[in-house]
Amino acid sequence: MRAFISAVYLFLYAPIALVVLFSFNAGRNASEFTGFSTMWYGKALGNTFLVAALQNSLIIALTSATLAAIFGTMAALGMERLRPRSRAVLDGLFAAAIVVPGVVIGIATLVALVEVFSFMNPVLASVWPGENPPQLGLGYGSIIAAHGLFSMALVTMIVKARIASLGRDIVEASSDLYATPLTTFRLVVLPQILPSVLAGFLLSFTFSFDDFIIAFFVAGSKTTLPIYVFASIRRGVTPEINAVATLVLVASLMMILIARILMREKKPTN
Amino acid sequence: MALALNTKRGMVTAALVAPAVAWLFIFLVLPFIAMLVFSVGERAPEGGYQPAFTFAQFANLPARSAAFWNTLVLAPVGSLVCLVVAYPVAYYLAVRASPRYRLLLVSLVVVPFWTSLLVRTYAWMYLLGSRGIPHLLDMIGFEDVRILNTPGAVLLGIVYGYLPLMIMPIYVSLEKLDRRLLEASADLGAKPVSTFFSVTLPLSLPGVMTGLALVTILLLGEYLIPQLLGGGKVFFIGNALVDLFLQSRNWPFGSAIAVTLVVVVVFVLLIAMRIAWKIAGTRQVDLV
Numbered sequence: 001m002r003a004f005i006s007a008v009y010l011f012l013y014a015p016i017a018l019v020v021l022f023s024f025n026a027g028r029n030a031s032e033f034t035g036f037s038t039m040w041y042g043k044a045l046g047n048t049f050l051v052a053a054l055q056n057s058l059i060i061a062l063t064s065a066t067l068a069a070i071f072g073t074m075a076a077l078g079m080e081r082l083r084p085r086s087r088a089v090l091d092g093l094f095a096a097a098i099v100v101p102g103v104v105i106g107i108a109t110l111v112a113l114v115e116v117f118s119f120m121n122p123v124l125a126s127v128w129p130g131e132n133p134p135q136l137g138l139g140y141g142s143i144i145a146a147h148g149l150f151s152m153a154l155v156t157m158i159v160k161a162r163i164a165s166l167g168r169d170i171v172e173a174s175s176d177l178y179a180t181p182l183t184t185f186r187l188v189v190l191p192q193i194l195p196s197v198l199a200g201f202l203l204s205f206t207f208s209f210d211d212f213i214i215a216f217f218v219a220g221s222k223t224t225l226p227i228y229v230f231a232s233i234r235r236g237v238t239p240e241i242n243a244v245a246t247l248v249l250v251a252s253l254m255m256i257l258i259a260r261i262l263m264r265e266k267k268p269t270n
Numbered sequence: 271m272a273l274a275l276n277t278k279r280g281m282v283t284a285a286l287v288a289p290a291v292a293w294l295f296i297f298l299v300l301p302f303i304a305m306l307v308f309s310v311g312e313r314a315p316e317g318g319y320q321p322a323f324t325f326a327q328f329a330n331l332p333a334r335s336a337a338f339w340n341t342l343v344l345a346p347v348g349s350l351v352c353l354v355v356a357y358p359v360a361y362y363l364a365v366r367a368s369p370r371y372r373l374l375l376v377s378l379v380v381v382p383f384w385t386s387l388l389v390r391t392y393a394w395m396y397l398l399g400s401r402g403i404p405h406l407l408d409m410i411g412f413e414d415v416r417i418l419n420t421p422g423a424v425l426l427g428i429v430y431g432y433l434p435l436m437i438m439p440i441y442v443s444l445e446k447l448d449r450r451l452l453e454a455s456a457d458l459g460a461k462p463v464s465t466f467f468s469v470t471l472p473l474s475l476p477g478v479m480t481g482l483a484l485v486t487i488l489l490l491g492e493y494l495i496p497q498l499l500g501g502g503k504v505f506f507i508g509n510a511l512v513d514l515f516l517q518s519r520n521w522p523f524g525s526a527i528a529v530t531l532v533v534v535v536v537f538v539l540l541i542a543m544r545i546a547w548k549i550a551g552t553r554q555v556d557l558v
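In order, the protein sequence lines correspond to chains A and B.
Numbered according to the working numbering, the first sequence spans residues 1 to 270.
Numbered according to the working numbering, the second sequence spans residues 271 to 558.
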């Protein structure tokens, strides 16, 4: 059994390790390691298209994760105060946001936004006082909206689980001691849920930073890092992609590790 | 959603959920309605959509039967293969692994799931490409082995990509298992094998069902793995959708396929929930 388990871990990590190893390969050849070098990292970071894509990805991930963390936490706090029927409707919508395949989310958002834009742009043009009316189009906004949908559902799920594990006792104790609801929230609830909010933020960031398929549909002319990587893979595998892939891996690895530490519950020892 | 706006408490509640409700409505409900409307429309001559009310798009679904066939075969097969590999790992982590290393070993399973699927799939492209494993096989005498761009490569990518998602729910359900039951079974003279089949396995079935449902549903909408490892020869519904929306610009037909995909996903979900209810109470899944 141990041999099988080791083999599975090897299976999970060997391919990634190989990509990381070959990102430091001095040669161009993908089948033999000819020496250690960081030249591909230099090449990658000197590539203006790639750096622009990285920038776009960071802006989108940061914005969508921040909005998701704020609105998702608010929703989680508000939902326990809702009547059961309203709560069930909201629960269902959040579940749908998580379960519906990314490819469908991308398509639905694309179709809806293109309709809205084709209606809004002439309206805007007719009421705009100046010469060049703003043109609504796909870009940052549409990617943030679509990523935020999944992320918000994720944050709500995580924070709600945390609130449920808190119990009402400490909140009641706080109000028995004459704390106002706001004070109770600030001093009792918020410190307790903050780690899960942060974990939700980091997971949302990772999701947005790594997502390819949703952005592929709604990015318009903008390029995110996964879209750039996908396009270069189709042009042919180069060591430069290994370097970029390694950077992406390290970034999401750090995020998920911090998120896991934040979410770790202290379990009673048996 | 009827909210009591007349009380202060009701207003606070409304304010708390308002942004999320607005977001869900504008970017989930409305787009879905738009997609439904598009699916009964017609393709405009220059591509895109023109209004109509016709079920011609749905009648045309057989034109993409290969994509449906590949998806509906490889998604369940893929998740079953995942299950076969995942179960021993989850069992080991929950029952056998020493508590000292358990957390580390579990983390090592979860972490890949949250790292870029694109990068992980690319790693296999790199491995299976002509300079990778086939090159090594060539050196030991197996000439001209092609792995990339076959259904086998897609299946491999599927197992690689979704193994963590299968291990986690099974691990969670096995971890909750009361060890005393296993001891009781042994005390009553059951051999380890029969304890496993009559106690452990039935009690872990909710986790197994959750894993199967999650992986199958995600696979139904998969695009990257068949695209990169199937090389356009093993086409999934996701690939058909990308083609219809971004290349041939037949939006109404694409919408009809997307609507059908959602129906299939809901169907799979309902079956999974039915079975889960039958087995026992549903359990929360730790995805993180």
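Derived from the structure by calculation, the hints contain no laboratory data.
Among the hints, a few may not be true.
What follows is a set of in silico ranges between Cβ atoms, one per label pair, in the way DEER data are often shown [unchecked claim]:
{"#": "1", "chain 1": "B", "residue 1": "M409", "chain 2": "A", "residue 2": "S221", "range": "39 to 47 Å"}
{"#": "2", "chain 1": "A", "residue 1": "L177", "chain 2": "B", "residue 2": "S468", "range": "33 to 41 Å"}
{"#": "3", "chain 1": "A", "residue 1": "G141", "chain 2": "B", "residue 2": "S468", "range": "54 to 62 Å"}
{"#": "4", "chain 1": "B", "residue 1": "L471", "chain 2": "A", "residue 2": "A52", "range": "51 to 59 Å"}
{"#": "5", "chain 1": "A", "residue 1": "S37", "chain 2": "B", "residue 2": "M409", "range": "23 to 31 Å"}
{"#": "6", "chain 1": "A", "residue 1": "V116", "chain 2": "B", "residue 2": "S518", "range": "43 to 51 Å"}
{"#": "7", "chain 1": "A", "residue 1": "L187", "chain 2": "B", "residue 2": "G501", "range": "52 to 60 Å"}
{"#": "8", "chain 1": "B", "residue 1": "N330", "chain 2": "A", "residue 2": "A3", "range": "27 to 35 Å"}
{"#": "9", "chain 1": "A", "residue 1": "I258", "chain 2": "B", "residue 2": "Y371", "range": "18 to 26 Å"}
{"#": "10", "chain 1": "B", "residue 1": "A333", "chain 2": "A", "residue 2": "P122", "range": "30 to 38 Å"}
For clarity, every value in this text was computed on a predicted model and none was experimentally measured.
All C-beta atoms, glycine included, are put in the ideal place defined by N, C-alpha and C.
Status of the hints after comparison with the structure:
no.: 1; hint: B:M409 to A:S221: 39 to 47 Å; in the structure: holds (46 Å)
no.: 2; hint: A:L177 to B:S468: 33 to 41 Å; in the structure: violated (53 Å)
no.: 3; hint: A:G141 to B:S468: 54 to 62 Å; in the structure: holds (57 Å)
no.: 4; hint: B:L471 to A:A52: 51 to 59 Å; in the structure: holds (53 Å)
no.: 5; hint: A:S37 to B:M409: 23 to 31 Å; in the structure: holds (25 Å)
no.: 6; hint: A:V116 to B:S518: 43 to 51 Å; in the structure: violated (23 Å)
no.: 7; hint: A:L187 to B:G501: 52 to 60 Å; in the structure: holds (58 Å)
no.: 8; hint: B:N330 to A:A3: 27 to 35 Å; in the structure: violated (51 Å)
no.: 9; hint: A:I258 to B:Y371: 18 to 26 Å; in the structure: holds (21 Å)
no.: 10; hint: B:A333 to A:P122: 30 to 38 Å; in the structure: holds (35 Å)
Hint compliance for this structure: hints 2, 6, 8 are broken, all remaining hints hold.
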